[in-house]
Amino acid sequence: MVRLISLILLLATWWLISQFVEPQTLPGPDRVLGAIAAQMRSGDMFFQLGVTLARVLAAFTIAMAAGTAIGLLMGRVKLADRLGDPWLIVLLNLPALVIIVLAFIWGGLTEIAGVLAVAINKLPNTVVTVREGARALDSGLNEMATVFALSRRKYMWHVVLPQLGPFLAAAGRSGLSLVWKIVLIVELLGRPNGIGFQIGVAFQLFDVTLILAYALAFVAVILVIETAVVQPIERRASRWRIRTS
Amino acid sequence: MPLAGEFGQVEVRIAQKSFTSASGERFEVLRDFKLSLGHHQVAALVGPSGCGKTTILRIIAGLETDFEGTITRPLSGKLGVVFQEPRLLPWRTVEDNVRLVAPGLTREALASLFRDLDLEVHRLHYPGELSLGLARRVALARALAVEPSLLLLDEPLVSLDEALAVRLRDQLAALIASRPITTLLVTHDLEEAIRLADRIFLLSPRPAQVIAEIPLTAPRSARSEREVARIVSEVACRMTGGALRPGHA
Numbered sequence: 001m002v003r004l005i006s007l008i009l010l011l012a013t014w015w016l017i018s019q020f021v022e023p024q025t026l027p028g029p030d031r032v033l034g035a036i037a038a039q040m041r042s043g044d045m046f047f048q049l050g051v052t053l054a055r056v057l058a059a060f061t062i063a064m065a066a067g068t069a070i071g072l073l074m075g076r077v078k079l080a081d082r083l084g085d086p087w088l089i090v091l092l093n094l095p096a097l098v099i100i101v102l103a104f105i106w107g108g109l110t111e112i113a114g115v116l117a118v119a120i121n122k123l124p125n126t127v128v129t130v131r132e133g134a135r136a137l138d139s140g141l142n143e144m145a146t147v148f149a150l151s152r153r154k155y156m157w158h159v160v161l162p163q164l165g166p167f168l169a170a171a172g173r174s175g176l177s178l179v180w181k182i183v184l185i186v187e188l189l190g191r192p193n194g195i196g197f198q199i200g201v202a203f204q205l206f207d208v209t210l211i212l213a214y215a216l217a218f219v220a221v222i223l224v225i226e227t228a229v230v231q232p233i234e235r236r237a238s239r240w241r242i243r244t245s
Numbered sequence: 001m002p003l004a005g006e007f008g009q010v011e012v013r014i015a016q017k018s019f020t021s022a023s024g025e026r027f028e029v030l031r032d033f034k035l036s037l038g039h040h041q042v043a044a045l046v047g048p049s050g051c052g053k054t055t056i057l058r059i060i061a062g063l064e065t066d067f068e069g070t071i072t073r074p075l076s077g078k079l080g081v082v083f084q085e086p087r088l089l090p091w092r093t094v095e096d097n098v099r100l101v102a103p104g105l106t107r108e109a110l111a112s113l114f115r116d117l118d119l120e121v122h123r124l125h126y127p128g129e130l131s132l133g134l135a136r137r138v139a140l141a142r143a144l145a146v147e148p149s150l151l152l153l154d155e156p157l158v159s160l161d162e163a164l165a166v167r168l169r170d171q172l173a174a175l176i177a178s179r180p181i182t183t184l185l186v187t188h189d190l191e192e193a194i195r196l197a198d199r200i201f202l203l204s205p206r207p208a209q210v211i212a213e214i215p216l217t218a219p220r221s222a223r224s225e226r227e228v229a230r231i232v233s234e235v236a237c238r239m240t241g242g243a244l245r246p247g248h249a
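Top to bottom, those sequences are chains A and B. The numbering of the first sequence is our numbering, which starts it at 1 and goes up by one. The numbering of the second sequence is our numbering, which starts it at 1 and goes up by one.
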């Protein structure tokens, strides 16, 4: 309820400001909604959303999978941590733009170069978060797994992963929003389609309505993913916590 | 036909085991510790707290590898361990915790194990919903579910209230007796050891050594209050007789 009121307040503020400025500078919510509807009717909106979403999911999956593996290794093996830490610091501090530009120079203006550039941007963040989780693994449960000779697969699935849950959720949450922002830059710089490309076109025309239309449409998509996919998974994973606390 | 007598036989020879404390100081926990167990025997290690009993169990379980000596464990068969803390997976139900370590367990075997330990109604509960006594029983069920040839118990009854401890003790005795398991339990409570074991090893304070070995010949069920009291006082006598140095820790 409070969330809804807060959202309505945001829209009202936007509408109010739009009443006092030129529509070219800040169009009202009604205009933006109209633009979204128009783009939907022409089918363009769905295509661009789909392309961007596919890139987001690909980059997100690569970054999470590789980041989890590396983070686990660094969290559990001291040598790996020492070896990997300087690389991690370099990667963490390399600006997204530099990685993207270099990826396009070295890999050509290709889909793979674009997706990898985004994944590499997200990777160190996942590594750092998962490493913290791996360091905090319960040694008592590890000993239990050793004593009962649990297989590697069972150990990972039943002992390690549930403990990493909160860390993976944190990495995933911040990851999804980070990744889609970087995907837009990649599309702006080196892809012929997607939301980022469309916003680039709109920028050249100074079309604020179109920029907002595409941006808000994508925010809505992420919101749906968040409530329809991420939250149910989290609820399922933390069932035991709800019942015990 | 393999020699049945070698099944479940345990030989422990620990020449020396020491730990390094956080401040870099080395201290010796065990020296010249020897122990051998015949198959299907129930032995108890009894000693003052901090004497290294748990370390002995951990070495036998293979959790401590940095020591001088040798451990011979049954070649065939599995190991079941009940740690002092239950060490259950909080995110798995009671039933899943048990099934996880014993995937081959039949439905009937699991049901009878839960029945013996009064855990039937708790099957679908999570460990966080259980009291310590219940969680201990789940840990015990888990250790027995793997059908171990060697069972290690670390203070299985500690910090339970009197009535609960007695009940779990009797359940434990019955469960061990009905199975072909070699059992080693660690406790600081002599009476508990007398009620459960066939042989008792009395340990000295650190570095732990066996200072006396008490075979209990009477069957477990025939150990009356008086019999238990007699053994307790006999042990007390021996200890004041100089065999046990008073702990100065």
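Don't read these hints as lab results, they were simulated from the structure. Take the hints with a grain of salt, since some may be wrong.
Think about it this way: if two alpha-carbon atoms lie no more than 25 Å apart in a straight line, the pair counts; the simulated SDA-like pairs of lysine to any residue are [stated by the list, open to error]:
#1 A:Lys154 to B:Gly128
#2 B:Lys78 to A:Val160
#3 B:Lys34 to B:Phe67
#4 B:Lys78 to A:Glu143
#5 A:Lys154 to B:Gly24
#6 A:Lys154 to B:Glu64
#7 B:Lys34 to B:Arg195
#8 A:Lys181 to A:Leu223
#9 A:Lys78 to B:Ser18
#10 B:Lys78 to B:Ala135
#11 A:Lys78 to B:Ala22
#12 A:Lys154 to B:Gly77
#13 A:Lys181 to A:Pro192
#14 B:Lys78 to B:Leu113
#15 A:Lys154 to A:Ala69
#16 B:Lys34 to B:Thr65
#17 A:Lys154 to B:Thr106
#18 B:Lys78 to A:His158
#19 A:Lys154 to B:Arg107
#20 A:Lys154 to B:Leu105
#21 A:Lys181 to A:Arg241
#22 B:Lys78 to A:Trp157
#23 B:Lys78 to A:Arg152
#24 B:Lys78 to A:Thr146
#25 A:Lys78 to B:Glu64
#26 B:Lys78 to B:Arg199
#27 A:Lys154 to B:Leu113
#28 B:Lys78 to A:Asp138
#29 A:Lys181 to A:Gly140
#30 A:Lys78 to B:Leu63
#31 B:Lys34 to B:Ala22
#32 A:Lys78 to B:Gly24
#33 B:Lys78 to A:Lys181
#34 A:Lys154 to B:Ser204
#35 A:Lys78 to B:Phe67
#36 A:Lys154 to B:Arg220
#37 B:Lys78 to A:Gly140
#38 A:Lys154 to B:Arg238
#39 A:Lys78 to B:Glu25
#40 A:Lys154 to B:Arg123
Hint check:
Simply put, Lys154 of chain A and Gly128 of chain B have alpha-carbon atoms about 21 Å apart, close enough for the 25 Å limit, and the pair holds. Taken as a hint, the Lys78 of chain B and Val160 of chain A pair is honoured in the structure, with Cα atoms around 23 Å apart against an allowance of 25 Å. Pair hint Lys34 of chain B plus Phe67 of chain B holds up; C-alpha atoms about 14 Å apart against a cutoff of 25 Å. Of the pairs offered as hints, the one joining Lys78 of chain B and Glu143 of chain A holds, with about 15 Å between alpha carbons and a cut-off of 25 Å not exceeded.
The hinted pair formed by Lys154 of chain A and Gly24 of chain B fails the criterion: a straight-line CA distance of about 37 Å is larger than 25 Å. Taking the CA atoms of Lys154 of chain A and Glu64 of chain B, the gap is about 23 Å. The hint holds against a cut of 25 Å. Taken as a hint, the Lys34 of chain B and Arg195 of chain B pair is honoured in the structure, with Cα atoms around 23 Å apart against an allowance of 25 Å. With a C-alpha separation of about 14 Å, the suggested pairing of Lys181 of chain A with Leu223 of chain A holds against the 25 Å cut-off.
Annotation: proposed proximity of Lys78 of chain A to Ser18 of chain B holds, straight-line Cα distance about 24 Å (limit 25 Å). The suggested pairing of Lys78 of chain B with Ala135 of chain B holds, with an alpha-carbon distance near 22 Å, which does not exceed 25 Å. Pair hint Lys78 of chain A plus Ala22 of chain B holds up; C-alpha atoms about 18 Å apart against a cutoff of 25 Å. Pair hint Lys154 of chain A plus Gly77 of chain B holds up; C-alpha atoms about 20 Å apart against a cutoff of 25 Å.
Restraint check for Lys181 of chain A and Pro192 of chain A: the C-alpha separation of about 17 Å stays at or below 25 Å, so the hint holds. Restraint check for Lys78 of chain B and Leu113 of chain B: the C-alpha separation of about 17 Å stays at or below 25 Å, so the hint holds. Between Lys154 of chain A and Ala69 of chain A the CA atoms are separated by roughly 16 Å; this keeps the pair inside 25 Å, and the hint holds. For the hint linking Lys34 of chain B to Thr65 of chain B, the alpha-carbon distance of about 17 Å falls within 25 Å, and the restraint holds.
The hinted pair formed by Lys154 of chain A and Thr106 of chain B meets the criterion: a straight-line CA distance of about 19 Å does not exceed 25 Å. Proposed proximity of Lys78 of chain B and His158 of chain A is supported: the alpha carbons are some 20 Å apart, at most 25 Å. Taken as a hint, the Lys154 of chain A and Arg107 of chain B pair is honoured in the structure, with Cα atoms around 20 Å apart against an allowance of 25 Å. Restraint check: the Cα-Cα separation between Lys154 of chain A and Leu105 of chain B comes to about 16 Å, which is no more than 25 Å; the hinted pair holds.
Annotation: proposed proximity of Lys181 of chain A to Arg241 of chain A is violated, straight-line Cα distance about 33 Å (limit 25 Å). Restraint check for Lys78 of chain B and Trp157 of chain A: the C-alpha separation of about 22 Å stays at or below 25 Å, so the hint holds. Restraint check for Lys78 of chain B and Arg152 of chain A: satisfied, since their Cα atoms lie roughly 17 Å apart, inside the 25 Å limit. Distance hint between Lys78 of chain B and Thr146 of chain A is fulfilled; the C-alpha atoms sit about 12 Å from each other, no more than 25 Å.
Proximity of Lys78 of chain A to Glu64 of chain B is assessed by CA-CA distance (about 19 Å); at most 25 Å being required, the pair is judged to hold. Restraint check for Lys78 of chain B and Arg199 of chain B: satisfied, since their Cα atoms lie roughly 22 Å apart, inside the 25 Å limit. A distance of roughly 23 Å separates the Cα atoms of Lys154 of chain A and Leu113 of chain B; the hinted pair therefore holds under the 25 Å criterion. At roughly 24 Å between alpha-carbon atoms, Lys78 of chain B and Asp138 of chain A fall within 25 Å of each other, so this suggested pair holds.
Simply put, Lys181 of chain A and Gly140 of chain A have alpha-carbon atoms about 41 Å apart, too far for the 25 Å limit, and the pair is violated. For the hint linking Lys78 of chain A to Leu63 of chain B, the alpha-carbon distance of about 20 Å falls within 25 Å, and the restraint holds. Note on Lys34 of chain B and Ala22 of chain B: the hinted pairing is violated, with a Cα-Cα distance of about 28 Å set against a maximum of 25 Å. In summary, the hint linking Lys78 of chain A to Gly24 of chain B is supported, as the alpha carbons are separated by about 20 Å, within the 25 Å threshold.
Restraint check: the Cα-Cα separation between Lys78 of chain B and Lys181 of chain A comes to about 53 Å, which exceeds 25 Å; the hinted pair is violated. Annotation: proposed proximity of Lys154 of chain A to Ser204 of chain B is violated, straight-line Cα distance about 40 Å (limit 25 Å). Between the alpha carbons of Lys78 of chain A and Phe67 of chain B the distance comes to roughly 23 Å, so the proposed pair stays at or under 25 Å and holds. With a C-alpha separation of about 39 Å, the suggested pair Lys154 of chain A and Arg220 of chain B falls outside the 25 Å cut-off, and the hint is violated.
Taking the CA atoms of Lys78 of chain B and Gly140 of chain A, the gap is about 20 Å. The hint holds against a cut of 25 Å. Taken as a hint, the Lys154 of chain A and Arg238 of chain B pair is broken in the structure, with Cα atoms around 49 Å apart against an allowance of 25 Å. The hinted pair formed by Lys78 of chain A and Glu25 of chain B meets the criterion: a straight-line CA distance of about 23 Å does not exceed 25 Å. A threshold of 25 Å between alpha carbons decides the hint, and for Lys154 of chain A with Arg123 of chain B the separation of about 21 Å falls inside it, so the pair holds.
Of the hints listed earlier, those the structure fails to meet are numbers 5, 21, 29, 31, 33, 34, 36, 38, in rising order.
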